[in-house]
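Protein chains: 2
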Amino acid sequence: MSGFKIQLRDRVARINEELGKVFQQNLDTPEVIIEAMKYSLFAGGKRLRPMLMMETCQALEGDVEVIKPLAMGIEMIHTYSLIHDDLPAMDNDDLRRGKPTNHKVYGDAMAILAGDGLLNYAVEIMLQGTQGLTGRALTNYLCAMKCIMGASGILGMIGGQVADILSEDKVIGLDEMDYIHLHKTAALLEACVQSGCIIAEAEPATQGRLISYSHRIGLAFQIVDDILDIEGNEADLGKPIGSDEKNHKSTFVSLYGLEASKIRVDELEAEAIELLRPIGERTVFLQELASYICHRRK
Amino acid sequence: MSGFKIQLRDRVARINEELGKVFQQNLDTPEVIIEAMKYSLFAGGKRLRPMLMMETCQALEGDVEVIKPLAMGIEMIHTYSLIHDDLPAMDNDDLRRGKPTNHKVYGDAMAILAGDGLLNYAVEIMLQGTQGLTGRALTNYLCAMKCIMGASGILGMIGGQVADILSEDKVIGLDEMDYIHLHKTAALLEACVQSGCIIAEAEPATQGRLISYSHRIGLAFQIVDDILDIEGNEADLGKPIGSDEKNHKSTFVSLYGLEASKIRVDELEAEAIELLRPIGERTVFLQELASYICHRRK
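Residue numbers (the working numbering), protein chains in the order written: chain P, 3 to 300; chain X, 3 to 300.
In silico DSSO-like links for lysine-lysine, alpha-carbon gap of 27 Å or less:
1) P/K23 / X/K148
2) P/K106 / P/K300
3) P/K106 / X/K172
4) X/K23 / P/K148
5) X/K40 / P/K148
6) X/K172 / X/K251
7) P/K101 / P/K300
8) P/K70 / P/K40
9) P/K101 / P/K7
10) P/K172 / X/K106
11) X/K48 / X/K264
12) P/K148 / X/K148
13) X/K7 / X/K48
14) P/K251 / X/K106
15) X/K251 / X/K300
16) P/K106 / X/K251
17) P/K241 / P/K300
18) X/K106 / P/K106
19) P/K70 / P/K148
20) X/K251 / X/K106
21) P/K241 / P/K48
22) X/K148 / P/K70
23) P/K106 / P/K248
24) P/K23 / P/K70
25) P/K48 / P/K7
26) P/K40 / X/K148
It should be emphasised that the hints constitute simulated quantities derived from the structure, not laboratory data.
Using the sequences provided together with the hints, build the complete structure.
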């Protein structure tokens, strides 16, 4: 196993451990809702978002302890959005990461509530993180929290999801596709690096580089998703391939073809790495993370 | 029109105006999601929650300007919960306040997203309210926000909704019914008066009285709901009556009968008023609000 793979595994383990702690509080509520929330939260996610947030903070010598509750919050927000996206009324998906989707196990009503519960609980956990902070540290923290909530709301992720639904069974142009990707996926990734920058009080130039980096990896992530939906291995992916074609979904690949898409991913990888290099040695993990995203098979 | 009715109308108008302002920000997102959110938010709600919050704060001579964003937030949270509750996967209701429910107008997918959007936007608006606050004022504000988010989450409103769904088509006891009411309705009302107390830095004794008051009116509100579902006027209510019986729902009335239920409402009204009287003149509106809740016909 490469050095990066070991680091990656350690970081995922650390995030999983922190997420576990979030549910060790005394939660006096019907057992099934906790179960449903945990089912999706611990279904083997890549933890890309909290990892990006914590790594950015660490690379810029910010206090990782401070940012932790925000990192846990964003993973819960990401998870709730997956639960709701998978519902029969939305994308109607039965499998995610090789397991039955939330509503397949707990029913539609409980899946809706598990999603609501995760979003609400994410905010509770993020608010708990203000405890003990004062002055500029508190102001920074609230600024990062606003940034996250903005990215997950109607001006960000939810807006992208709405546009995605409106685009179903329609041939859409590059502008509309960009809007969907930028909002549905990139907004949250951008909020991750931005939060890291805010907590670490990064210089504007550094922040600019990291935000551009997040756009590159966000777009690359999406294109790789589209490529894997054609060329991927169902066992690796944990879901059937060909769903974009089945759903008549316009993707980068359907617009530009496989070859051009792969070239674009290579370009994005190189650009992402180049953007971080001047910041220094501490960004090596984030650089390798870009390559990992571009070459992933699942 | 009585003095109280005029005051009530003015307060509702003021809250509606404030809620309108929330959507005057530059919202660059697909039009339909804003429309769907506003459709339910401006569907003629009683504005009980923001009114309770602002009135408590004012009665205790707290700064009502400070609490406004929290009051708007809790009304948005209440509204999102209604949209999700009405979904076919949940209560499957077609009418609310005399109008087709959100999903009947915008479809299930958009209704889910409108609910998600309102919850997320509520948090954004509440976070915006921290702007300009420092020191103890900021600490109090965050404490009130925690209280609201706790009341709306899995330990509060969502927990109650889960218990409610689990109880469907079952005969439940008083304990379980209490749990549902306390969490589904009373938790948010309690958070309203508690937030008012926190912002106004109320004495513990005063806070205790107001919280007990909120429990009384919360329970009364629920019992009146159950009574109106039997004796109400469909035109006034804006929805069909008899739904509890149709859904085999255990209610206070089904357990104790109409007569005992009405006596209980009268007791709760008297208790609520008695709890506030010692606090003084400034709580008169809140006292009259208790009577209004107990005698409402819709």
